[in-house]
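In order, the protein sequence lines correspond to chains A, B, C and D. In this text, residue positions in the first sequence follow this note's numbering: the first is 1, and each later residue adds one. In this text, residue positions in the second sequence follow this note's numbering: the first is 1, and each later residue adds one. In this text, residue positions in the third sequence follow this note's numbering: the first is 1, and each later residue adds one. In this text, residue positions in the fourth sequence follow this note's numbering: the first is 1, and each later residue adds one.
Wrong hints could be hidden among the right ones.
What the hints assert, rightly or not - Stretches of chain B that chain D covers, calculated by requiring three or more beta carbons in the stretch to come under 8 Å of a beta carbon on chain D:
hint, region
1, 72-79
2, 189-196
What the hints assert, rightly or not - Sample of chain A residues at the chain B side, in silico, Cβ under 10 Å:
hint, residue
3, V20
4, F23
5, I24
6, M29
7, M32
Derived by calculation from the structure, the hints in this document are not laboratory data. Glycine included, each C-beta is placed from N, C-alpha and C at the ideal position.
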Amino acid sequence: MELNALYYLIPSLIMFACGVYGFITRRNMIAMLISLELMLNSVDMNFVVFNRFLFPNQMEGMFFTLFAIAIAAAETALAIAIVVNVYRANNDIDVRDICKMKF
Amino acid sequence: METSAILILAIPLLMFLFLGLAGKYLPHKWAGILGTCGMGVTMVLAYTVAFEYFFSGNSFFINEAGDRLQHVVFNHDWLNFYDKLTIRLGFLLDPISAMMLVVITTISFMVHLYSNGYMRDHHGVWETGFQRFYAFLSLFSFSMLGLVVATNIFQMYIFWELVGASSYLLIGFYYTKPSAVSASKKAFIVTRFADLGFLIGILVLSFYVGLYSEGNITDAFTFTSLTSVPVDGLTDTFSVSEGTAQVIRDLFQNSAAPMFMGASVLTWALVLIFMGGMGKSAMMPLHIWLPDAMEGPTPVSALIHAATMVVAGVYLVARLFPLYLMAPAALDIITVVGAITALYAAMVACAQIDIKRVLAFSTISQIAFMMVSLGVTRLDHSVALGHEVHEGLGYMASMFHLFTHAMFKALLFLGAGALIHAIGSNDYTAMHGLRKYMPITHITFLIGCLAIAGIIPFAGFFSKDEILTACFGHSTVWAIWMAVVAGLTAFYMFRLYFLIFWWKEHKVHDEHHAPHDQPWTMTLPLVILAVVSIFAGFVPFGSLVTWNGHPITGSGFLTNLENLNWSVAALSLIIAIVGIMVAMKMYKKENELPAKMRNALPRLWDWCHHRFYWDELYMFITHRIIFGLVCRPIAWFDRHIIDGTMDAFAAVTNKVSYAIRGFQSGNVHMYVWCYLAGAVLLAVITMICVL
Amino acid sequence: MESLGSIISYVVIALAIVICSILAVTTRKILRAATYLLFALFATAAVYFKLDYEFLGGVQIAVYAGGIVVLVVFAILLTPHPGDNSERLASRSRRLGLLAGLAAFAAGAYSLVTRCELLAKAPEMSNPDMDTIGTALLGTGNGQYLLPFEAVSVLLLACIIGGVVVARKR
Amino acid sequence: MLFDNILIYFVLIPMLMLAGVALCRNIKQIRAVAVVGSTALIALSVYLVADFLKAPVETAVDGMYHYSSWKWFTAQGLNINLTVGVDGVSVAMLLLSSIILFTGSFASWTIAQPKAFFLWLILLSIGVFGFFITIDLFAMFMFYEVALIPMYLLIGVWGSGNKNYSAMKLTLMLMGGSAFLMLGLIGIYYHSSADGHYTWNLLEIARNNAISTGWQYFLFPMTFVGFGVLGAMFPFHTWSPDGHASAPTAVSMLHAGVLMKLGGYGCFRVAMYLMPEAANDLAWIFLILTGISVVYGAFSACVQTDLKYINAYSSVSHCGLVLFAILMLNTTAMTGAVMQMLSHGLMTALFFALIGMIYGRTHTRDITKMGGMMKIMPYLAVCYVIAGMASLGLPGLSGFVAEMTIFVGSFQQGMADYLAGGGSLRLVFTIIACCSIVITAVYILRVVGKLLFGPVQDKHHLELTDATWWERLSTATLIVCVAAIGCFPNFFEHLIRGTFNPELFRAIAMNF
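Next comes chain A alone, as it looks inside the complex (with noise of 0.2 Å):
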């Protein structure tokens, strides 16, 4: 048996899968934020895979995994700071709640 990129690939896809499936269900804000850090989270996988696997000469796919941690934890500081800010402004982080700023 050899570990060609496909063994890689698909608990990839299913931990991706996994974060649309909670995305979609969770109404907890960090909930969701926590599925969507494990689908970025499987994208970056699968960048290093293919990196590794198909182009191996060249780090593209190392880079730009690199930066999308850098930006994931610049975004999930952020989100944070959102979220704790509209706990303090509703006393609830329910997604359902939070629609006065639509429009």
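Start from chain A and add chains B, C and D according to the hints.
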């Protein structure tokens, strides 16, 4: 010479700037004195220049054969269009410009002097804006002088516009009076409309002259280029170069010359230029502004709307006369327009109540005489009632009449001003029987009337006689037509005279407030002009002013008498006397005859009294058609259709935004679903494409 | 042919990923979800190590697992009732979520399956050394990443400021 | 070096003014900064004119003096440079802009929130000056946008009447125009060279002459309409009446006086200069549109009752004449077009200044509610009459020389076309355009008659005061300039004519 020429233009201009800017800080009296003195100096300078031109015998001005020459005193580039067209501002001396210098400065000086008395009431209180009045008078004098000495047609156009503007300002001098405001507006717009024709005419003419000249003509605007046309068989002393002349002749007389709608380009250009002249000289149908222009102060009417500016049209045609000679069709149009206007204005003048209106229509009629006189001028051999006619007599007669008319019409207007000033009304119904109270005004006014009626030996007799002779030389029909008009002229002038000074005794309620002669500043100009009106007829015009500079008569004092065509003279005298007699019969003593006449011909009276309803027609055209059917619909179209379309774009964008804003529900799950749906859709499309 | 150790490690990693992911989105206790996420991220880091991207694995652990999860946990602790069960999901919404997850899975799986032969390639393991990574990160030539690097630094700065501004007490 | 080039100071001085105003604490300091800065700009542009007149021809690059080019952003094949250079037209425009800025500062002497107002106003002027000194499409476009955007705030905040609507309309329409323009400019860039070395530099593009005729047919209307919107070309002019009506005085002055000139300037500097074939082949379309503008604007002005609307429509007419003359592709007419830009800029600024001053006193702009102003405020009324006379083309004031140059040039071209069998379109439209001199007289005299003459309509107006010293200074400066152009036209004509030398301007050469 050059210094004088520059000063003639510069003094009035500086006076305008000075009085306009600093006048507010000057006492009224000094403003008047300053303006008058400035004009006096200008007059003296103009006299010296004219004297030098006519009588010095300098080789610039006259050649060995005794022909007068055109002389450009100075000429500076002002605006360069392209290699063959440059506007230059300069000073051209030739017989007519020298003559006009004299006329304009004389009348202007008289008016300046006269206004010192006129522009204050009986208690010596100055009119508001007195300084402004003198500033405008100076501006007008400057523009008019610039117009007559123009070296090229564009300079003439420039000063033409300036003259129009200063006329506008002076008519609207009493700017709080709505009628004065609308009269000034009307004058400006009507003449502007005419100037449109003038402008296009200039463009056409200069384009063709420039186009076909191929290097011969360096500036297609200049009169020396335009009018240097040798006409077959006659020597032409104004010609500059044979090459240039050949070009213009080829251009306009060749069968290959450009044509437009059946007439040669030259004819079109000249007719369009004449349109400009029609506007300024109040020819039908562009005459409607002149009677209304009487809203201005009376000295202004005397200066601008009788003696100088309104003859600019005649001057224009005279200036381009060698060109007009090449386009007989244009001359025919001038004749017809002039003749119709002359009759029309004379008829209307018989039925006016306002004395200034009568004088205004008489002015229109007299200018029409000058136009007709130019229109009938041809160079072919002709005979009038048995006597031979000099070639180019009409031109000379026209200029002669311009000269004499300026003098006696200014006299009449200033006299009318004195009457108005004394009575405080423009209606003759308020005057009647004033001869005893205002003797100087009476005598001078009578002299003016005799002059305009054409009684020997007053000035009008000689000039009008020459005009009739020229008419007979061209066509008997027009000659009889004009003779009838001359009779009417005598009639309405004496109607006016008798109604003012006779008819019935003036009722005076209070001896202290009886009308009386005016101060010397006002009577002196009247007397001077009256003297001039008596003797101006003896000026030997035939030796001074002719179309090509070649004298046609001797230069003695009695030469005009000697050269009279006695059959024509007798005819015109008889007609004038008949006119005066009829007027005397009807108006000397209060009687029923005028009322009877009016009742006998009610329709005619109505039409004459209402000036044949021209104003109503114009009102209809401007208000109903131009404003109602053009301007307002366009404004509406702009606001509702063009702008509406733009607004509609915005409105549609807005509507669509409102319609789709539901997507931005703020519900994150919905966004996810939309996103997923989109992703799936894309995936499906990709698959379909791949498969 | 892979070594047995490799296969075993793979199986462990893969199972960890799958199970932790599933649990992270299904558990009703939010603090647990965060913990499962942490394990999933560790498993991902393991994948990176396994694929010989040691630097990346380190970053993953330090930033993702170490930084982000800690943030999330903080957030959880700041918001209500961290220990409570969240309300039970309505079956309809669960079904819809399931459907969506499966759809995503199906789409991904389909594209993987159709490109099987492309992906069935043996890896070439070569760990990029720090020198290479550093040069690439701070160079401006082709295939070098100074500009994104700078951009990310600015972004992080913006983020810090933004976070402070948004979260501070008024 | 950047600062060796005198032209840079046209942008630098306003930037310093910007900084200066930002540091000011009260209105007096702001006024001082504005006056000193704009005086410096006038001095600089006068110096430039003098320098330009005596500069030897050899120092020019393709007719452009003070030519310099600096790299700005040349990576990724974008080749963006900052290229500056001036010819007679730009010099004249710079002079005009600095004069209008100077007088505009005086006209907004007592504006509310002066600091913010002057900041935006000066930012706008940076855009204007930058646009006139650069000869690089990218930089031109950038400065163009810089000039447009502040307008929204200036009208929206300091305006009057229906100001939000007007500001929005003006900005959206002009932005719509610049969308076209940007497409056109990018299109020009990607066809600027046959060998792939694309350039934004106007002179290089003209030298390369690589835009195929087919592309010109596409790009010419884009750029011409893009600039034409700002030049109030029919039917894209409707922002002008509303915008001007709502704008504060100084903004109206700058907008009508300078900004609308950006349109005409751009039309010939970019559209016609770079795409001569299309300019010759497609001129007839725009000739019809601009010809309509000329009479249409004038007719519309005849029935308006709001002073600013009258003037805005009159601007449509006069600016239409500018574009009309440019499309004649004839040296004389195009020279006249630039004279008309100068003339219209000055006199319309004068008009708007006066209207602002009258409005500031009477609080109405409806001419049916005013009358007899000549008695109440003689100074302003006399200035208004002078402005009106300039507008209707009285000799001795600027309108006459500009219009006559245009008419003579257009007529010459129209006749030449007609005689060469090229159709009578130009001739007919020239004559139609000539008619505008009559219509102009109608609406100008209508306003003068109603507003200034006649009896006083409102008793309260009798208590109003005449102009203050700063108002007098502002209007007198403009009048002197108007009269200077009117009395010494040859000076300006010499300044401008060089630009339209057929050897430099291929579109004109082709038209012969």
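Against the structure, the hints:
A count of 3 residues in the region 72-79 of chain B with a Cβ less than 8 Å from any Cβ of chain D is obtained; the coverage claim is therefore met, three being the minimum. Coverage of the region 189-196 of chain B by chain D holds in this model, with 5 residues showing a Cβ closer than 8 Å to a Cβ of that chain against a need of three. Checking V20 (chain A) against chain B by beta carbon gives a least distance of about 7 Å; that is within 10 Å, so the hint holds. This hint holds: F23 (chain A) has a C-beta 6 Å from the nearest C-beta of chain B, less than the 10 Å allowed.
Given the 10 Å rule on beta carbons, the hint for I24 (chain A) holds: about 6 Å separates it from the nearest Cβ of chain B. Given hint, M29 (chain A) at the interface with chain B, holds; its Cβ is 8 Å from that chain's nearest Cβ, closer than 10 Å. Satisfaction of the interface hint for M32 (chain A) is found here, the shortest Cβ-Cβ separation to chain B being roughly 7 Å, below the 10 Å cut-off.
Comparing the model with each earlier hint shows no violations; every hint is respected.
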